[in-house]
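Q: Sequence:
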Amino acid sequence: MGGLTFEDRVVVVTGGGNGIGRAYAHEFARRGARVVVNDLGGSVDGVGSDRNSADAVVEEITAANGQAVANYNSVEDGEGVVATATDTWGRVDIVLNNAGIAYRTPFAEMTRARWENMMNIHVGGSYACSRAAWPHMVAQGFGRLLFTSSPFGLYACAGFSHYSAAKAGLIGLTKALALEGAEHGIQANAVAPYSASRMTGFTNEEQATSEIGPRYLAQLAVWLSHADTAETGSIFEVGGGYVHKVHLELSRPVHLPGDEHTAEGIAAGSAQFDDLAGSLHPPLGDYNTIGRAVFGPDLARFRDVGE
508 MGGLTFEDRV VVVTGGGNGI GRAYAHEFAR RGARVVVNDL GGSVDGVGSD RNSADAVVEE
568 ITAANGQAVA NYNSVEDGEG VVATATDTWG RVDIVLNNAG IAYRTPFAEM TRARWENMMN
628 IHVGGSYACS RAAWPHMVAQ GFGRLLFTSS PFGLYACAGF SHYSAAKAGL IGLTKALALE
688 GAEHGIQANA VAPYSASRMT GFTNEEQATS EIGPRYLAQL AVWLSHADTA ETGSIFEVGG
748 GYVHKVHLEL SRPVHLPGDE HTAEGIAAGS AQFDDLAGSL HPPLGDYNTI GRAVFGPDLA
808 RFRDVGE
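Throughout, this note's numbering is defined as the position within the sequence shown, counted from one, plus 507.
In short, the hints are calculated from the structure, not lab data. For every residue, glycine included, the Cβ atom is placed at its ideal position computed from N, Cα and C. Take these hints with a grain of salt, some might be off.
What the hints assert, rightly or not - Label pairs and their computed distance ranges (CB to CB):
#	residue 1	residue 2	range
1	Arg611	Pro764	38 to 48 Å
2	Arg611	Glu771	32 to 42 Å
3	Ala775	Glu616	38 to 48 Å
4	Pro789	His751	30 to 40 Å
5	Gly597	Ser758	46 to 56 Å
6	Ala683	Glu767	54 to 64 Å
7	Arg611	Ala683	26 to 36 Å
8	Pro804	Gln779	20 to 30 Å
9	Ala778	Thr595	56 to 66 Å
10	Asp562	Val750	43 to 53 Å
11	Gly510	Gln779	44 to 54 Å
12	Glu771	Ala683	18 to 28 Å
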């Protein structure tokens, strides 16, 4: 086939047995990739295990003359997940960190166990699988990492503080790995899906799946994962045929030097915080906006915390 193809590429899809992950697995296999379909087979709140979902996707792919194998490890065992790729095909090129859980818990009812469970799967699992793949990608001089954030991570949702925090944390991980991976040909991006899946619970599931189904995510993942795509360190909100790139923005500052910098002075100028005319958009890795404003050309004389 023409277009963006993935012959000789090996792709790991976590949470590949259902929803978005299943769409990823099918689309990459259709485009020539060899696919590891990872799925523990638990419920949406992380309980239990069942090999049937991963096996079913592998059977569907192989029936269509694609190449796929199943893996049933928890994503917290990233080494075990990635080993299926390297043991089967000798390499790993792309990791689509898609596995996750979701359940509502008001903050007043939040326990440490529920909080840590959410962090361990979303942030810990994404770390573990990406870390296991990292040395292989460095050795190859090529790698693509895709992380799954959420509109809940960008804008938050009441009752989901643990989920929102985990999904926001993945944005920082994405950007840091984009910086660290640049010299090795490794690119990292994140998607925030607005998509119908077994986690979302739309009242009209059939219509929701038709209009905002996982297939829209799969096409963006293909583009971001291809060797010809230079995009890295970026966040995209996607669903229903719409793709937005998410930018971080700084308002024009309220500048109150020296003794003028008081709580009262900040209060007096606070309306300016929501006036985004002339706002700033720092690029990836630029954490010195205030440093340049304060020190100007003398900033270079100070120790760079990034070194």
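Q: Compare the structure with each hint and give your call.
A: Results of checking the hints against the structure:
In this structure the hint that Arg611 and Pro764 lie 38 to 48 Å apart at CB holds, the actual value being about 46 Å. The beta-carbon spacing between Arg611 and Glu771, approximately 40 Å, falls within the hinted interval of 32 to 42 Å. Between Ala775 and Glu616 the beta carbon distance is about 40 Å. The supplied range of 38 to 48 Å therefore holds. Checked against the hint of 30 to 40 Å, the C-beta distance between Pro789 and His751 comes to roughly 19 Å, which is inconsistent with it.
Remark: the range hint 46 to 56 Å for Gly597 to Ser758 is upheld by a beta-carbon distance near 50 Å. Separated by about 36 Å at the C-beta atoms, Ala683 and Glu767 break the suggested range of 54 to 64 Å. Taken as a hint, the range 26 to 36 Å holds for the pair Arg611 and Ala683, whose Cβ atoms sit roughly 29 Å apart. The beta-carbon spacing between Pro804 and Gln779, approximately 27 Å, falls within the hinted interval of 20 to 30 Å.
Taking the beta carbon of each, Ala778 and Thr595 are about 59 Å apart, inside 56 to 66 Å as hinted. Remark: the range hint 43 to 53 Å for Asp562 to Val750 is contradicted by a beta-carbon distance near 32 Å. Distance hint for Gly510 and Gln779: a CB-CB separation of about 47 Å, consistent with the stated range 44 to 54 Å. Between Glu771 and Ala683 the beta carbon distance is about 38 Å. The supplied range of 18 to 28 Å is therefore violated.
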